[in-house]
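*Asks:* Sequence:
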Amino acid sequence: MEKVVDITQKLKKKERPKPLEEERLEALKRTVFCFLCLFRCSMCGTRLSQQVEGLLNLCPSCDSEYRDFLAYKKGEGQDLKPYQDKNWVKLWESWEAFREAILNYKLSLETLEV
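The sequence shown begins at 3 in our numbering and counts up one residue at a time.
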């Protein structure tokens, strides 16, 4: 029995936490790939029942809101709903900027891997 090795200490050493850099890279990958997931709305995160055709993966509600936003930007959105105020416009402008940044970053990662 004296030769029985206690492996609990060895297992604890193996379960060491990931270095911060690895965690940061994983978080960044999740951000990029989850945002671009074809099975989730990229605005609200709702799971989509079917894959959306086109470049934008938005659920029906967010798609409707985004169309209102685009009409407003073109000067056609005269009948905005009460909640569609300047902050609503800023929200969609920010979403567009974030989406563009994510796409550009993903493209830059792909060029680094080639």
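If you are wondering where the hints come from, they were derived from the structure by calculation, not from laboratory data.
A portion of the hints provided could be inaccurate.
Unchecked claim - What follows is a list of derived Cβ distance ranges for each label pair:
(1) T48 with D81: 23 to 33 Å
(2) P62 with T33: 21 to 31 Å
(3) A99 with C39: 37 to 47 Å
(4) E102 with Q53: 20 to 30 Å
(5) I9 with N89: 56 to 66 Å
(6) L58 with L30: 16 to 26 Å
(7) Y107 with L40: 16 to 26 Å
(8) S66 with T33: 44 to 54 Å
(9) R32 with L93: 33 to 43 Å
(10) S51 with E102: 21 to 31 Å
Even glycine gets a Cβ: it sits at the ideal position worked out from N, Cα and C.
*Asks:* If a hint holds in the structure, say so; if it does not, say that too.
*Replies:* For each hint, the structure was consulted:
In this structure the supplied range 23 to 33 Å holds for T48 paired with D81, their Cβ-Cβ distance being about 26 Å. Separated by about 24 Å at the C-beta atoms, P62 and T33 satisfy the suggested range of 21 to 31 Å. A hinted range of 37 to 47 Å for the beta carbons of A99 and C39 is inconsistent with their spacing of about 19 Å. The given range of 20 to 30 Å is respected by E102 and Q53, whose C-beta atoms sit roughly 22 Å from each other.
The given range of 56 to 66 Å is respected by I9 and N89, whose C-beta atoms sit roughly 58 Å from each other. Checked against the given bound of 16 to 26 Å, the beta carbons of L58 and L30, roughly 22 Å apart, stay inside it. In this structure the supplied range 16 to 26 Å holds for Y107 paired with L40, their Cβ-Cβ distance being about 18 Å. Between S66 and T33 the Cβ separation comes to about 26 Å, which falls outside the hinted range of 44 to 54 Å.
The beta-carbon spacing between R32 and L93, approximately 22 Å, falls outside the hinted interval of 33 to 43 Å. At about 27 Å, the CB distance of S51 to E102 agrees with the hint of 21 to 31 Å.
In this structure, the hints that do not hold are numbers 3, 8 and 9, in rising order.
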